[in-house]
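Colleague: Top line first, the protein sequences correspond to chains G and X. First residue of the first sequence: 69, per our numbering; consecutive thereafter. First residue of the second sequence: 121, per our numbering; consecutive thereafter.
If you're looking for bench data, these hints aren't it; they were derived computationally from the structure. Any given hint could be a false lead.
[Claimed, not checked] Ranges between beta-carbon positions, derived for each pair: (1) X:429 x G:267: 31 to 37 Å; (2) X:691 x G:277: 49 to 55 Å; (3) X:429 x G:436: 46 to 52 Å; (4) X:429 x G:309: 52 to 58 Å; (5) X:656 x G:448: 53 to 59 Å; (6) X:560 x G:267: 55 to 61 Å; (7) G:436 x X:695: 29 to 35 Å; (8) G:238 x X:695: 42 to 48 Å; (9) G:309 x X:691: 49 to 55 Å; (10) G:445 x X:691: 53 to 59 Å.
[What the hints assert, rightly or not] Listed next, the stretches of chain X that the computed footprint assigns to chain G, with coverage defined by at least 3 CB atoms under 8 Å from CB atoms of chain G: (11) 340 to 351; (12) 376 to 386.
[To be verified] Here's a subset of chain X near chain G, in silico, CB distances under 8 Å, partners left out: (13) 208; (14) 438; (15) 646; (16) 674; (17) 679; (18) 680; (19) 681; (20) 682; (21) 703.
Glycine included, each C-beta is placed from N, C-alpha and C at the ideal position.
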Amino acid sequence: MNVPVERDVERVAAEQSGTAESLAADLASISLYLHVPFCHTRCHYCDFNTYAGMLGHRESYVAALAQEIQLAGMRARQSNGSPRRCRTVFFGGGTPSLLSPEQVDSLLHATRQAFALDDAAEITLEANPGTLEKGRLDALRALGVNRLSMGAQSFDRDLLRWMGRIHSPEEIETAFAAARKAGFTSINLDFIFALPGQSLATWAETLERAIDLGPEHLSLYSLIVEEGTPLFSWVREGTVHPADDDAAADMYEHAMTRLAAAGYGQYEISNWARAGHECRHNLTYWGNLPYIGLGAGAHSYFGGHRFAEERPIARYISRVRQSVAEGNTTADMLPAGAIAEDEAIPPELEMAETAMVGLRLNAGISRSRFAARYGRTFEQVFDERLADVREVRLIETAGDYIRLTEHGRLLGNEVFARLLPDSPEVPEAPTRVAG
Amino acid sequence: MDAAFLRNFAIIAHIDHGKSTLADRLLEFTGTISKREMSEQVLDQMDLEREKGITIKAQAVRMSYTAQDGQTYELNLIDTPGHVDFAYEVSRSLAACEGAILVVDASQGIEAQTLANLYLALEANLELIPVINKIDLPSAEPERVVKEIEDVIGLPGEDAVLASAKEGIGTQEILEAVVKRVPPPRGADDKPLRALVFDSKYDAYKGVIAYLRVVDGKLGASDRIQMMQTHSSAEVLEVGYFNPGLVASKSLSAGEVGYVATGFKNVKDCQVGDTLTLATRPATEPLAGYRPAKPMVFAGLFPVDGDDYPLLRDALERLRLNDASLVFEPENSIALGFGFRCGFLGLLHMEIIQERLEREYNLNLLATAPSVEYVVTRTNGEVMTVHNPAELPPPTEIDQIEEPLMDISIFTPARYIGTLMDLVQTRHGVFKDMKYIEEDRVHLTYLIPLSDLIIDFYDQLKSRTQGYASLDYSFARYEAADLVKLDILVNGQPVDALSLIAHKDEAAPRGRMLVDRLKELIPRQLFEVPIQAAVGSKVIARENVKALRKNVLAKCYGGDITRKRKLLEKQKEGKKRMKRVGNVEIPQEAFMAVLTLNDDN
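Taking the hints into account, I'd like the entire structure generated from these sequences.
Modeller: In structure tokens:
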């Protein structure tokens, strides 16, 4: 039996949650998310901002995105005029693997021009196993993409078909082998559990085949029935019955046990990794640190604002062109060219959000870092609201860290909901920006 | 008009036998309303009446009819409420008449309310004109129904008029029978005024409008009136008659039916059954038969949103202006917060009030299970009435509890006797009588606790007989019974709004059913929640709501933290709509669980 690698818990926590000492540097740099909204077909459960049948617009979209990166870099530059430090780049989608290597190159080129991209930056690209030929993988690796995230979703042929995925179980294995051959040493596989009709046994089998491939990182998401998807209408019509919470909990708990035994450390509610392979881009989200999301429908958190871009591709492109033509690059402008929604986050809410995303990490929240960030202790702000979940042991304090217990990990929402301010200083809905 | 040419009559019938349609035909035939103005159920003015196809408020209308004898008669038709909850109002309407048209469906024959109304008409000493309605239907068997009328009611069959109100068949024959057979009113204009109030309603401009029948004397438009029961007094604002709208006139004379605008601000001052006289020359004896409204069924009404409490109070006060039988007092429930304990004439009355509150006043309400009024004698000799289970004293302080019993009357095809007997027995009914009214039709009478009647007896009766049986009931008496209070404990804490009073032998099965239902209705919490049913300190049923295992967003949202937060805020909102009892969140449906308990599940 494999003994999980013992690691210095505090050191790992410090890497993941950050420390009071690293706070200033963390807040001064960004992560960059680039959205690629194209897909061959839409999966039945998907409610992301993606479009099928629009592949012909890739060229003009990429051109606009590259321009927007330049614009954002200018607007996000530091007060001394030098470009802002960027620590990670994430090509998300949609299906970024539908871009040609030349298109990826042009976006990375723009990024390097506009931001001070770390030499050791984590550069991730999401890929559909059905779209990865060998040549493309070699080219991406050569361009500096150093992490590949594959949407495997399942090894069950029937479930893949039911989800509307374009790939087979075998294609996952083929694509994985090809990625290894191309030199990718950090690969993530995404899986979805709690699918209708999925048994614990079929889920366990999917997990075994995933472990056999030996990826460095695994993301396991439970199926969420989202409004506006075909799945949602099936559930409403009663033709599809979603898995119940007990079944989902069983699958999740099985994954926790099995992956720990296989040497994967869980570092977030949905994420497991080999030591040192935690996704640094996502750690920016969980640390409630600044990130800039560019592309149709992308979300940013920068300068105390959360903002989102126009979702329709054509609208996004024309808004970016307009912004570039106006050429306003003053630093007080939000660093994006097609903003549709903008919400200023007041301090009370920011603390709640920091706690809400931070508690998703197994390491939890560093109390000293929290106090350094807000001038108030976590306990001062939240203890009263969390008394009952502390009593039933959903959260615990361990040294400098406050974290969910293992039992609490599946009940995170109960804790998170209590963190939110009661009568929101929050506006009802994000305000729409004209344009 | 000379009283010799006046005819005052009512139409009585079992529900759906065609009472309102027949009234429509009479109005049309006499030209009171032109065909163009005709809408269905002209006399049922409330939306609820039309929707439910029932009459809730009494209505009257004056018609002018030139008979075959060449004389022109003034006919006053009083349309009566059709439901047993309003039996007293019906009896007062009938007391205002000299005759009644008894409508019987040509296919259905005599039903429970036919008989109940017939008795009321006989008590009022009315001339009866049987009308066999709906003879145009293929299933009509007028000969059989005529024979039933002869056998059960003892009226000569040849007196019955065959009609189809829908097709307008027999309308003139009915009007002729009214003129020939209903006696003209007797009464003297020169005696002191005595007028019977058979209904009243509140009007924002004219105050309370009393619907009345002048028995003796004369009422003028500028008189000062005096109520003989409530002793309230007021200046008359207006008198007049119904056509069918209000038409003002100079006066109302003995024998006439009309209205008086009293200027009273509350119908309580001018209740159904009271006698109206003149303050200047009062009568000495009131008319017989007055009875103050007495609620029989009680339930707590709570606003779902606690902030609506003042709105609910205002709405109830407004409805009470128009409904003397509605009573309410503030109630404070630990589980449901502030609301009102309301008393109703019966379940239909309760349903109507609740619907009107929700519809006309836009309130979102939570009603507790209905209860009856118990008379409790405490060991110290004190006698108290209890209409809220939460108020029942502890068992050790109770000497005895009495509960209201009802006489019920069921008409049914003979093949359902077995299943009905089963039903009545499980509801503690005591058999009184069974009579064959035809080879295949039976009239059953029982004595049954009202508490057993109000749960879902009527629905059960209908479902067990495919809708063929009909039911009528009236209050019989109070009687001591073996009753206990059944408490529901959620996570060890009693929830007052879920308590109920049950017969001792039924406490255990009802407790089990309730606990089972609640287990389904109460969502899983952060910890295991025991749900117990208890009598005194003895737990008689228990189930556990298992602890919540999964509530987390395990999904990638590409940095859309706002979205995550909105979802959490939505969850938080959802919880706000539940009632927090101790540390357990209980959804509103749980408080209704008692209502949906029945023998089948």
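Colleague: Please flag the earlier hints that this structure goes against, numbers listed from lowest up.
Modeller: When the structure is compared with the hints, numbers 1, 2, 4, 5, 9, 10, 11, 12, 13, 14 turn out to be violated.
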